Each structure stands twice: as structure tokens, then as C-alpha cells.
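Add chains D and Z to chain X, keeping to what the hints say.
Chains as they are written, first to last, in my numbering: chain X, 91 to 401; chain D, 70 to 320; chain Z, -7 to 272.
Everything labelled a hint here was simulated from the structure, so no lab data went into it. What you are looking at is a predicted structure, and each value in this text was computed from that prediction instead of being measured. Ideal Cβ placement from N, Cα and C applies to all residues, glycine included. Fair warning: there could be bad hints in the mix.
[What the hints assert, rightly or not] If you anchor each label on the Cβ, the simulated ranges turn out as follows:
(1) Leu175/Z x Ala312/X: 36 to 46 angstroms
(2) Leu64/Z x Thr148/D: 47 to 57 angstroms
(3) Thr91/Z x Leu380/X: 26 to 36 angstroms
(4) Ala312/X x Leu181/D: 54 to 64 angstroms
(5) Arg95/Z x Arg263/D: 43 to 53 angstroms
(6) Glu360/X x Ala26/Z: 28 to 38 angstroms
(7) Gly201/X x Pro106/D: 47 to 57 angstroms
(8) Arg183/Z x Thr309/D: 45 to 55 angstroms
(9) Arg153/Z x Glu98/X: 31 to 41 angstroms
(10) Thr171/X x Leu12/Z: 37 to 47 angstroms
(11) Lys233/X x Thr236/Z: 23 to 33 angstroms
(12) Ser398/X x Ala94/Z: 50 to 60 angstroms
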Amino acid sequence: MTGPVPPEDKRFYYSLLPFIGVSMIVVLVLAAVLAYYSLPAVKKYGATAILGREWSPSEDNPSKARYGLLIPILGTLATATIAVLIGLPIALSMVVLTEEILPYRYRGLLGSIVDVMAAIPTIVYGLWGLTVLAPLLRETLYKWLHARLGWTPLFACNPFTGTTYMTAGILLGIIVVPYIYAIVREAYRSVPKKYRHGIYALGATRLEAVRLIMGMIRSAIAAAVLLAFGRAAGETVAVALVIGSAFNAPRCLLAPGYTIASLIANQFGESFYYPYMANALYLGGLLLLLIGIAANIAGLRLLGRARSLEG
Amino acid sequence: MGLLEVKDLRVTISGRKILEGVSFTFKPGTVTAVMGPSGSGKSTLLRSLNRLLELVPGARVEGQVLLDGEDVYRMNPYTVRRRIGMVFQSPNPFPHISIYDNVALAPRLHGLAKSREELDELVEWALRKAMLWDEVKDRLHRPPTELSGGQQQRLSLARAIAARPEVLLLDEPTANIDPVNTRKIEESIVSFARELGMTVVIVTHTPQQAVRISDHILFLYMGRQVEAGPTRSLALEPRTRLLAQYFKGEL
Amino acid sequence: MKGRLALDKAFTLAVIIVALAGIIPLLHLLATVAVRGGEAILRAGPGFFTELPAPPGSRRLGGAAPALAGSLVLAVMSTAIGVPLAFGAALFLYEFRGTRLARAARAFLMSLLEIPTVLVGILVYVLLVVPLHGQSLLAGSLALAIVMLPYVATYVESALRQVPQTYREAGLALGLTRAQVALRIVAGIARRGILAGLIIGLSKAIGETAPLLFTVGGARSSVNINPLRPGDAAPLLIFHYAQTPYDNWRMLAWGASLVLVAAVLLIYVVAKAFVREVRM
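Looking at chain X on its own, in the form it has when it is part of the complex (with noise of 0.2 angstroms):
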């Protein structure tokens, strides 16, 4: 039908690849350059790297040092869990709120407030964290739950410290709210208007149609849940500042600890004076990408077919 592109559009064309062309290399690149730097402490400490639980430097004695991520990866997997199990009620209050309870004037101020809680930077998050939110709990919750649930592994070490696996998560738990409120209170939208005025027209309360609308977006949930986890997994700076930055395991979540971003954060300027603890590093943001890639697109399909479906 048509002739030959003008040579016009074939110059905008290739004008314009270049731009899309940075995205691509940055992903590319950023991969090549984690998975080259991890290979030698791969190969020095082989399986450890990954499973082991001792990080020990030595600077004199570089055979001496072992260098092991699980405690970094299982404190990453633990805190952004908390922090989705936190965030995850506290978004759907506020979506019910919005959409079933409050009346249409303050819909907006709530939508606002949401707004406010995702631009703050983290860091101020962390610095509130460090200062108020990890004494406060530490007085309050920490010592409850030590002394009333003390029992089970996951409370049993004494909270000496504000700064823990569960203060991150709880401050994770807050920072990840408008991620999963975006996009639950999109979906809950997208349901039609007669089915939600339906459901009361049939003389459902507000919880039954709640429950009902809930789980016909229960896709977009799962999803906001996966990508939150995403996010959270990748959070930095607040965690740094308020989980303590021990290796202790996340099996007491009262205890200081670390996870991958936090590590990198607080160890990667130094580690260059130990071999092989760069490397490691290096090893953990390969997997920390890895991590935060995974989630993302499991979340990314799961509401790529939540919209499909809202035809």
C-alpha cells in the first residue's frame, strides 16, 4: 500500500533511540557490573557466600576473614515482610475510608494526606525512626512483648536497644502505605458503580460489602502486596538508621540486625580495605536486584491481569 518510510521519520526514529536506549543499558550494565564484581568472593567462598552466617573483616589476616550474606538476606526477606504486614491493613482502612465511610468533602484531604506520606524522603522517615519511633517502642511495645510473649523465639532476646529487625519493619510498615493504597484504591475504584450501589441495595451492610468488593479485586492486592514487598526489600537509608546494624539473625526480631541495602549502605565506603568484603557486597546487591526485580514483576503481571479483568 504505502511506499518506502520518508526519510524524515527514519531520522526521528533514529534520533530518538538513543534516549530509550539509556534504560536498557543502565538495567544491562548494573546487572554485568554486580554479577562481575560478586564472582570472586563466588569463588572464594562458594556456597557461603550465600548461606553463611559469620561476617568477619580481618584486615591483616585477608585468609581469616569470611564474608556470609544469609543473615543480611533472611533480615531483608523478614523486615519487608513485617513491613507488608503492617502496611497492608493500615492501606485498607484508609481505602475503605476513603471510598465506604467518609463523606465525599474529605475524600480528597485523605487522598492528599496519602499524597504527603509518599513524597516525604526516607531519610526523614529514618531520621524520626532513630529519634522518636525506636525509643518509643523500645519503652512500650518492645518490653511488653518480650515480657508477655518472651517465650516464642521471635521476642525472646532482651530489647536493649530501640533499633531492630522490628522497628524497620514497623517504619517500612508506614513508608510502603501509599504504594498499596495507590493501587488498591484504584482497583476498588474500577469496580462498577452498580455492583457497589447494588450490593447496598440488597441491603448489605458495610463490612459485607466491603468483604464482597475486597475480594473482587483480591488481584490487585496480591499485587500491591508483591510490589510493596519490592520496595520495601529495597529501602536504604531508614532502615539503616534504625536496625541497629548488628549480625544478629532475624530469628529474635528485638534484635539488631541488617539487611542487604543497609549493609551496603553502612559497609561499602569502608570496604575496600578488606578483600573480598566489596566483592561480597557486590554479591549482595546482585541479589538484593534480584529480589526487588522478582517481586516487581510478579506484581506487574498479577495487576496486569487485575486490569484486564475490569473490562
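Frame of chain X; chains D and Z shown alone:
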């Protein structure tokens, strides 16, 4: 020069036949009205003349469209559209630039004026020809959104002819316009053909408009070319029942 | 029947309480920032913006001038790098939507959102800091530009797509090329949304910390605005000083937090003036 020949034009969109076997010669200095009930393919015909149809995914064009003997579909589409202009049903002056800049845009980019004075003259000329100059000459730098619908459509007219096309396509330009502005627009259209020698093709939504301003009529029904010929004779003695019904408003 | 209603009331109450559990910390945070940050700035006086930090443990505060100046430079440079990149990417995604390359490009662009920002810092560290033998404001700007890229590109593309097709047709009908239509007409009409995107990028540039950890340098013994030398940034100052036991330094951290939060909120309000829906 602007001689536009259509030979056995067939258009399908995603497999569905929209136009079949349209053949006609649009001559410079004349106004041809393309008529037919909705769905007869009039807009599609227009858009296949200036290759705007390519924006529609799944559109396939077969047959020939020749501009002064050259196959329009082998030419650079941008050259085609510089020589074949178009005015749309809903007025669409660019809202983010002034009235002056709307008209001056094409001449500027195509290098039609060598100096600021020439450009000013061209803009004034185009606005006069579209019968809009007196109403906007004191507010050329205002945005076109301040104009009424009829004025905006005349602005679209001025914008189109400022590019000095040889052919001008109009897709039901007065369908949403009040009678006063319609009259003015119709006068302008006729003057484009008579005074400027343009080849004017206008899809019209009423047979009355066709009778008022066109020299030739091309009547389409369900994608087929049913009748074509001089307006005078077709209007007095339509050769087919369909056209007769259309004139009487029965289609 | 009564049981259902009672349950419903309990549910409503529970929802409100849990939602408040999320809102109250935020309000407390804002209040703390305002109070402690305000205290710090008032105590330091105008020197907060012009002086160097006082020695650790001193009774004086000094100021956060290197950090504030650095953040300003970073904001300008990163948007200068990131916004054109994002605009070009958005233009490609808009014009060539649906092609295989566009789909792949979009996937890569969105995957930038998934990368923890600390890793972006590491990438720039390896690619720029090591070869140039030093950290710099330029390296920090590059890291921030990469971080803001997907956000700004998404905004710009969305703004472009909201322009009604009829204007695109009118432009093409005049004989304008696709490039001319995209740049002069569609982008022109969409300029409000594009501006909002730029502003969102700015907010990312100001608030992100992790990309700066290994790229900017945290040099605060003097005010440096030379892009090729190490500098300081407000989030970086907060990160470092928060972990110290010195009262005056911690107060500076709160002061810097107040400035950051005020800046980000201001940006949010301005962006909202341009576009109804602002996704930070």
C-alpha cells in the same frame, strides 16, 4: 497544478470493505461535493486522498490516486500533504499558539515566506480569503480559544490555505456551524476554486449545500460509487433512485 | 439482625482506628520536623543557610551551607540531565507506540523503577567515580537522573497521550512531519503535564539519599559547587549526622530535614497546580 485522479480506489479496514471501485477526476478550479448517507465511506475517501488514512491501524488501500500524474502512494507523504490540505468537521485550531501563529505555522515550516513582512502579508491574505480578517485583525496574538465556533472554523480554513495547497479537502466543515458562518465559509470555499484555481473536494452533510456550491457531485452509497457528474444535471435529473431519494431526504 | 449491625459498627470503628494508626505517625513526624527543625534553624539563625557546620559537640550549630548548596546544584544538574533523557524516551514511546522496540523499551524503562536506588549509586560509582578517581556532584547528578528517569518519562508520555488526536491530524494535514507534529504541536499542547513531570523529577532529585551515598562524597568542610569535585547534599548530611552522638550535629540534621520537607511539599503543591492528579 492540482489535477487529482482517482482510479478504481478500494479501501478495506481490518478486512472490512469500506470503499469499492471509486473512480473520479477532481479538476482544478472546481468544487466537487462528495455526498451520501452516513457510513457510505465519504470521510474514508477524503483521507485516502491525502494519506491520513495511514493513521488508522489495519487500513489497506488499493487502486490509484494520481496527483498531476504521480501516484500519491509512491510519493513522500509529507509532500503529498503539502499539496493537498484538509479542513476537519470540528474546528481544531491549535489552542496553545496565537491566531497569527496558527496561520503562520505551515508557511514558516515550509519556508513559504522569506521575511517577516512576507509572512505578515501571507497571514493577512489567508485570513481575508477565509473572511475572518476584519474580526481578528486587532487580536492576532490572542489564543484561538477566544473565538466562536464559526470563527474557529474560518481560522482552520485560513490555516489550511496559508500553506498554499493545490487541492483542498473539507470534511463536512459546516456540520456544526451556525447558518451565518456557514454562508461565509461556503463563499470562501467557492472563491478558493474560482479565484485561486484550487481543486476543492468537500464532503457535505446536506444535498442542499452540494447544490449551492458544487460544480460536480460524487454520490456514494455503502462504499460504492453510485453516481457522478455535473451538479446541474444530477440535481435536476438524478439517474438512480438512490440519488433521487437522497435529494428528497429519504435516505 | 442486631448482630449484623453491631458487627458493622465494630467494623467501621476498627477501620477508622487502623487508618489512624497510619495517619498519626505521619502527623507526628511532620510535627516533629517542624518543631525540632524550626528550633534548629531559629537557633542557628540565618547562618543556617550560609555557614559551615560547627565542630562536633560544640555549643554552636553553625550551618548547613555546603549541604544546601550541594542539593541545589544536584537538583539543577540532575534535572538538566534527566528531564531531556526522559522527554526523548517519552517521545519515542508516544510516536512509535505498539512497535516491538517500544514495548521492550517500556519494559526496560519500568524496570528502572524496580532497581533499589542504592544500586544505582553503586553503578555510577563503578562507571564514573572510580575512573575519575573521585566522587563528585556530577556523579551524584547522574545517579539522580537515572532514578528520576522512569517517573518523568511516565508523566510526559501520559501528558502527550492526553492531547486529542484531532490536533495531531490537523498538523499532519498541513504537511508537518511526525517530528514537527510531536514537538511543536502535541508537546506544545501538553506543556502543562510536561512541566508537572519536570517538577516531579525535581522532587526525586531533592529527596533521594541512597544514590548519593557513594557518589557525592559528603564533603562539608567547605561549600563546593564545582560539579567535578566532591560535595555535600542535604539528605546526606542528615544520614551522617543522625548517626552521630553530637547534639549540635543532630540539630543540624533536623534543620536540614525541615528544609527538605518544606521544599518537597512546596513542589507537590506547585505540581498539583499544573495537573489534577499528581503521583509522587
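Problem - Hints violated by the structure (numbers, ascending) - result: Failing hints, ascending: 9, 10 and 12.
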